[in-house]
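There are 2 protein chains.
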Amino acid sequence: MTKEPLNQDEARRTIDCLRFLAADAVEQARSGHPGTPMEAAPLAYLLYRRHLRHNPADSHWPGRDRLVLSCGHASMLLYGALHLAGYDLSLEDLKNFRRLNSPTAGHPEFGKAAGVETTTGPLGQGLAVGVGMAMGAKFLAEQVSDELFNYRVYVLCSDGDLMEGVTAEAASLAGHLGLGNLILIYLDNRITIEGSTSLAFSEQVATRFLAYDWQVQQVEGENLGEIETALDAAKADPRPSLIITRTHIAPGAPTKQDSAEAHGAPLGAAELAATKQAYGRHPDKSFEIPDEVRAHMAHCRVRGARLQELWEEQLRRLADDPPPGLLNWLRSRDGGLPEGWDRNLPEFSCTDGPLATRQASGIVLNALAARLPLLLGGSADLAPSTNTLLKGERSFSRSGSGRNLHFGVREHAMGAILNGLSHTPGLIAYGATFLIFSDYMRPPMRLAALMGLAPIYVFTHDSIALGEDGPTHQPVEQLPGLRALPHLHVIRPADANETAEAWRLAVERRDGPTALILSRQGLPVLDRERYAPADGIRRGGYVLAEEQGELRALLIATGAEVHAALAARELLEAEGLGTRVVNLACWELFTAQAQGYREAVLPSACRARVAIEAAATLGWERWVGAWGEVIGMHEFGASAPGAELLAHFGFTPQAIAARVRHLLARLN
Amino acid sequence: MTKEPLNQDEARRTIDCLRFLAADAVEQARSGHPGTPMEAAPLAYLLYRRHLRHNPADSHWPGRDRLVLSCGHASMLLYGALHLAGYDLSLEDLKNFRRLNSPTAGHPEFGKAAGVETTTGPLGQGLAVGVGMAMGAKFLAEQVSDELFNYRVYVLCSDGDLMEGVTAEAASLAGHLGLGNLILIYLDNRITIEGSTSLAFSEQVATRFLAYDWQVQQVEGENLGEIETALDAAKADPRPSLIITRTHIAPGAPTKQDSAEAHGAPLGAAELAATKQAYGRHPDKSFEIPDEVRAHMAHCRVRGARLQELWEEQLRRLADDPPPGLLNWLRSRDGGLPEGWDRNLPEFSCTDGPLATRQASGIVLNALAARLPLLLGGSADLAPSTNTLLKGERSFSRSGSGRNLHFGVREHAMGAILNGLSHTPGLIAYGATFLIFSDYMRPPMRLAALMGLAPIYVFTHDSIALGEDGPTHQPVEQLPGLRALPHLHVIRPADANETAEAWRLAVERRDGPTALILSRQGLPVLDRERYAPADGIRRGGYVLAEEQGELRALLIATGAEVHAALAARELLEAEGLGTRVVNLACWELFTAQAQGYREAVLPSACRARVAIEAAATLGWERWVGAWGEVIGMHEFGASAPGAELLAHFGFTPQAIAARVRHLLARLN
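Same order as they appear, the protein sequences are chains R and C.
Residue 451 in numbering that gives the first Met the number 0 is what sits at position 452 of the first sequence, and the numbering runs on without skipping anything.
Residue 244 in numbering that gives the first Met the number 0 is what sits at position 245 of the second sequence, and the numbering runs on without skipping anything.
Next comes chain R alone, as it looks inside the complex:
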């Protein structure tokens, strides 16, 4: 569609209206950030009214352009624009800014308000999620249809976003991949919370982004014509684009423009009234929306409906004789899985062992990929070690959007990009690194859990048993750290067949993230004729080996340590001590089971409980109770061969059996 000429009067009126919707809402909430929404209103206007291909009536239209507000503290800018553009967000909602159960949360929350594409607030995250969205679009364009998925991703960001390292990682990768569908608009207001950006930030942003191979443009933030021209040039350029807009925080506020005070607190009644006057508005009126503005913005819905209808027509046309990619996508666009997706999952036999669970994972992943064409992922430069390469598949690169992603040594951006990919309808995304480096990506993992996105994390090299690389590479506190995160499922399978089940669980779960915790070292494949079936881990915890006769002791373990527990059980049973081994592979799933099941697995009558896990012990008291013992790590590890370390730190069957005997003696 050709664009109508820019009407400066209408534009100004709408922009001013946006500014004061934000300032009024912050004032009313008695908290929030007025300055940035006021400064960015021209951009929001131009984007929502003239540039974004979106349909306010259907915020889920898969072909829409995405807008991410990386500077999430400017949330009222988004809410005001969404309201005026005709999204399902009422004036009442704006007035309830920052109130309990209101969709207008302090920072934009995905799923709470229509048109909020992702949850932002922690700086840098939105920008990196935007990179993931742009990758998702390119992937759909190539694998499904480049006519349906030529949408763009716009990101608004602040200096704070640009200072965060995750931005550097994501921007470098975006330039490397030539994501021409990504447009980043930087609000260069030269103000931070502590004062002028000159306190800590004097790098040449333009030069830095040129070094990343981005298109870079600079414009005045109030010059609508200049911004429009830049936006058009950005769309035309095959590189990702940065538009640096020179802005003023809280423009027009008589004493607070260009001051840090305007960043994170209401302007105050007097300043707000004076600002309104400076704009020729009534100083006492709040939440004022002139009819002309409503009428002018009504066009968004008209235009949006037409755009989406064109898209739907195209979809129908293509669906007449659908290419295979489109069929795949139609099946999975709403989170559905193709029939028989898990039918060819491998079954491992004892003779396949010893097999590290990371190796089993690689085999399972490749089997899944054969049936899940929209599964994609990669690692932070550790594919050979994490066994996450999809064999025979192309790489995602500048020249083609294959399924093997190469994140580089950029764990943090990987986490955020997985969120962007998970926002893309139909895609299942995984990312891999060593468990220790999950520390680098906690912020995006948290956002995935908060948003209910379902990326799959493949964390290998899961304990001191990784050996010689030493304590800098040996996870200790990571397992409890991940278990503390609400909504994240942490699964640590004990052998190859449980690894297959863990992958099945992770793929099935489309409303929350899953972390697979996998061993570097080889592990036996458990003889399931002798022990309970591997699908027991679908309940999070299960009795792997029953006691013979009276239950005297409970051994509870996860992952590799399950094998040590089983061997310890042999020693104890030989002494006539009925010993049960419980595999507690996923605490979250086990906790979700009915009380009766949990009691059957861990009978409360049995007080002699020993947990075994080569990790920090925090949290294990939940399962061993007041009398039990936890064999875990109370220190960092050391550099030596893995088997030596396991012995050194007390994870041998002999050491475990000794602890059990000691405990039984204590309890009797």
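By construction, these hints were calculated from the structure, which means they are not laboratory data.
In this text, all values refer to a predicted model and were calculated from it rather than measured experimentally.
Ideal placement from N, C-alpha and C gives every residue a C-beta, glycine not left out.
Be aware that one or more of the hints could be misleading.
[Stated by the list, open to error] Examples of chain C residues toward chain R, derived with CB under 7 Å:
| no. | residue |
| --- | --- |
| 1 | Thr-191 |
| 2 | Asp-380 |
| 3 | Val-408 |
| 4 | Asp-438 |
| 5 | Glu-467 |
With chain R fixed as given, assemble chain C onto it according to the hints.
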């Protein structure tokens, strides 16, 4: 001292010796990284033999230049060079590479081998720690003596380091601050674990660092003359310097040079022998050190002794009539604290409340700073919110090294820079942000704990009670996540006076990091006539309010929730239920107390225990036992005023009392 001319023959011999010490050690350990040490041997030679001002006989000499191996996987380069230079590291140690209890750990570990300046391995950390060291040097130069502390910091890094976001943060800040004493040498070998760097890394590194305002030079990695010239130019330039050295991984290896295979696995016997032959060495001899090489490198100790003696002379000269800064430093160089350092800590009275613990912290911090002239710190652009500005003190900037640091919105680099500052003799460093953003800085916090460094983290806005900013800003899983980290002390004081004690503990503790967890919201200052004295938290946990009569219920809480527990106690006592309130401000300190004390505080006979903490509950079972209950967060928070949220999530005295009654009924 004037430098002797470069003797290419001697240099080559020594360099080749370094290459094969590394390759042989990796081969013998059957694991490790041979390729990078082999490629970087020329740099190690030039630095240790000709450029570093160091004294192998005294690795603690405060005036020495520092060398940080940010690509820690190349550890054998460091060990080989330290051995040849005459540090206390034997050939036997090299042969025991990666063995239990050997100083030659898989990645360099601070404190294990003399001459290892910091623990590295997790990529990006070393570089950012180097920035902190360079800041520390500048600070000492200005505050103590620019003659004594004109040392330089050299950092060797790989492409992996440069991809990590923490590097971008630290490098941007280094350029901003004009750290001319920092020289970064980048080993540009174009190989990563997954293959060519072209898979994921094509940015123009030189341009990017120019954008940060660094000096940038490019040299061939085998051209000794070129490297020397570049090092001299780097020393002369007032900006931080980047020297990009074009190198080849595993140079001279017939089939593995320039291949990813040479990165992380031994070359293999055949390839190693063939490589030795290519260098004109005996293919079967291992760990060969020609006498000429020993003789040539013996100069390092001679030169080092002379350099240090000159420095000591200077110190003696200055000490004759010492400037105040020098006296301060001499007192604290080995971790000592000036007499009376805590004498003017404020005491708060009830009428000072309500006072947020972050506010109390700001007052305490300023009092400490008056007596601790080498205390310095700052925040990641949140000084006004975290109350961490030292009033009347200058900022650390390009033009002067004051005590107020402005990290910008760079939490991750802040954490690493704190490590670099903590490596600097005499300094006490703190860094502040919101507790939620501790997620951005877990990797350097872990390294601080592993190394036994003692930075102080000021984490404010410590629960959902921060209110309207909503779930993206409300910590939930951070408290258990931090508690899981070995050696970190996590202290969450309940009021202003406990905040003073918490600071006292943090400053006293010079062999491990401390995190202070502080409230955004105002809290009463507890009446210590009525309750136990605030220094109870020095034992980690203490009985704040005794039960009247028989002990029926134990309420265990931390921080702000202590006040809710006290109020709940009033309700229960009024009903005749003897209720004790225990403040468990620091689990690590409490765990370290004698069993008798712990039993006295938490008598095991009392089964009715309720823990109250507005955080994820993981770990609390340790204290409430099998029967107890934990009132905590099982979800993320929400955006609303803090008091409403506390009520909504069950943290009111009424709700707590109800849980206690319910528990008592269940237990009876």
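Worksheet item: Which hint numbers doesn't this structure obey?
Response: none
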